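Residue numbers (the working numbering), protein chains in the order written: chain C, 4 to 116; chain E, 112 to 224.
Just so you know, these hints were derived from the structure itself, not from any lab. It should be emphasised that the depicted structure is a prediction, and the values quoted were computed from it without experimental measurement. One or more hints might be untrue.
[Said to hold, decoys possible] Restricting the straight-line Cα-Cα distance to at most 25 Å, the calculated cross-link-like pairs of lysine to any residue (SDA-like) are: (1) E:K221 <-> C:A90; (2) C:K18 <-> C:G41; (3) E:K112 <-> E:Q165; (4) E:K221 <-> E:S196; (5) E:K179 <-> E:E167; (6) E:K153 <-> C:M56; (7) C:K55 <-> C:A5; (8) C:K16 <-> C:F67; (9) E:K179 <-> C:L101; (10) C:K55 <-> C:R31; (11) E:K179 <-> C:R31; (12) C:K55 <-> C:Y27; (13) E:K153 <-> E:L173; (14) E:K112 <-> E:T185; (15) E:K179 <-> C:T106; (16) E:K153 <-> C:I63; (17) E:K153 <-> C:S73; (18) E:K112 <-> C:D100; (19) C:K55 <-> C:K18; (20) C:K18 <-> C:V116; (21) E:K153 <-> C:P42; (22) C:K55 <-> E:S207; (23) C:K60 <-> E:T116; (24) E:K153 <-> E:A121; (25) E:K153 <-> C:Q40; (26) E:K112 <-> C:D45; (27) E:K221 <-> E:S135; (28) C:K55 <-> C:N80; (29) E:K179 <-> C:D100; (30) C:K25 <-> C:H76; (31) C:K55 <-> E:V206; (32) C:K60 <-> E:Y142; (33) E:K112 <-> C:S62.
Listed here are the chains, written in short residue letters.
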Amino acid sequence: AAGVIQSPRHLIKEKRETATLKCYPIPRHDTVYWYQQGPGQDPQFLISFYEKMQSDKGSIPDRFSAQQFSDYHSELNMSSLELGDSALYFCASSLRDLVTGYTFGSGTRLTVV
Amino acid sequence: KQEVTQIPAALSVPEGENLVLNCSFTDSAIYNLQWFRQDPGKGLTSLLLIQSSQREQTSGRLNASLDKSSGRSTLYIAASQPGDSATYLCAVVGVSGTYKYIFGTGTRLKVLA
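Could you put together the complete structure from these sequences and hints?
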């Protein structure tokens with residue numbers, strides 16, 4: 004069965020650079036969520052999209068932006084990177100009503116040096 | 112604001128033991144609850160999903176129960192194996208209309224051979 008695909012798996016950037024993370028949801032899933040997980044921490048919600056519109060916003064820095072495209076894939080754009088942005092970034096997809104819960108991608112490990 | 116707590120934070124047991132992981136949430140108005148497993152540096156794998164109308168779900172050696180009125184869920188692992196070593200996270204989504212999971216702090220399990 005198709006899963007949630009995230010790319011790249013690993014990313015190393017320098018401070019003040021820009022990064023773009025991509026997420027391809029499970030076919031027919033209409034909602035995408037982005038989470039950030041720092042070392043030893045639980046995942047923190049960043050932002051979600053339903054039918055290409057932002058549906059909810061969490062603790063996402065102003066330096067970050069995201070969007071969902073017509074094919075339902077989503078991109079998280081991170082600018083002016085800081086050392087504290089180093090984390091695992093997960094994307095999850097679901098049906099809007101969450102009747103089958105979340106399916107997570109394998110994540111992107113971002114390291115800012 | 113929903114808060115999710117997991118006890119214990121860490122657990123080390125000999126192989127073969129049956130064990131119980133606990134999850135508590137402060138707002139009982141939940142839509143469903145999902146248990147995940149996370150290996151170090153890896154993505155989150157869904158284990159069990161319990162709808163608010165259900166009392167328990169079973170998959171192999173895993174059994175999850177839900178007591179919505181008391182704000183608690185337990186994950187029971189029978190006959191633990193070294194391969195069960197991982198972090199276990201519970202997450203709840205409320206009925207308030209914001210369709211996102213709030214994660215617990217996780218239980219780090221180590222099963223000793």
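Verification of the hints:
no. : hint              : verdict
1   : E:K221 <-> C:A90  : holds, 23 Å
2   : C:K18 <-> C:G41   : holds, 17 Å
3   : E:K112 <-> E:Q165 : holds, 23 Å
4   : E:K221 <-> E:S196 : holds, 5 Å
5   : E:K179 <-> E:E167 : holds, 11 Å
6   : E:K153 <-> C:M56  : violated, 29 Å
7   : C:K55 <-> C:A5    : holds, 21 Å
8   : C:K16 <-> C:F67   : holds, 15 Å
9   : E:K179 <-> C:L101 : holds, 18 Å
10  : C:K55 <-> C:R31   : holds, 13 Å
11  : E:K179 <-> C:R31  : violated, 30 Å
12  : C:K55 <-> C:Y27   : holds, 13 Å
13  : E:K153 <-> E:L173 : holds, 21 Å
14  : E:K112 <-> E:T185 : holds, 22 Å
15  : E:K179 <-> C:T106 : holds, 23 Å
16  : E:K153 <-> C:I63  : holds, 22 Å
17  : E:K153 <-> C:S73  : violated, 29 Å
18  : E:K112 <-> C:D100 : holds, 21 Å
19  : C:K55 <-> C:K18   : violated, 30 Å
20  : C:K18 <-> C:V116  : holds, 6 Å
21  : E:K153 <-> C:P42  : holds, 12 Å
22  : C:K55 <-> E:S207  : holds, 21 Å
23  : C:K60 <-> E:T116  : holds, 22 Å
24  : E:K153 <-> E:A121 : holds, 18 Å
25  : E:K153 <-> C:Q40  : holds, 11 Å
26  : E:K112 <-> C:D45  : holds, 17 Å
27  : E:K221 <-> E:S135 : holds, 21 Å
28  : C:K55 <-> C:N80   : holds, 16 Å
29  : E:K179 <-> C:D100 : holds, 19 Å
30  : C:K25 <-> C:H76   : holds, 7 Å
31  : C:K55 <-> E:V206  : holds, 22 Å
32  : C:K60 <-> E:Y142  : holds, 19 Å
33  : E:K112 <-> C:S62  : holds, 14 Å
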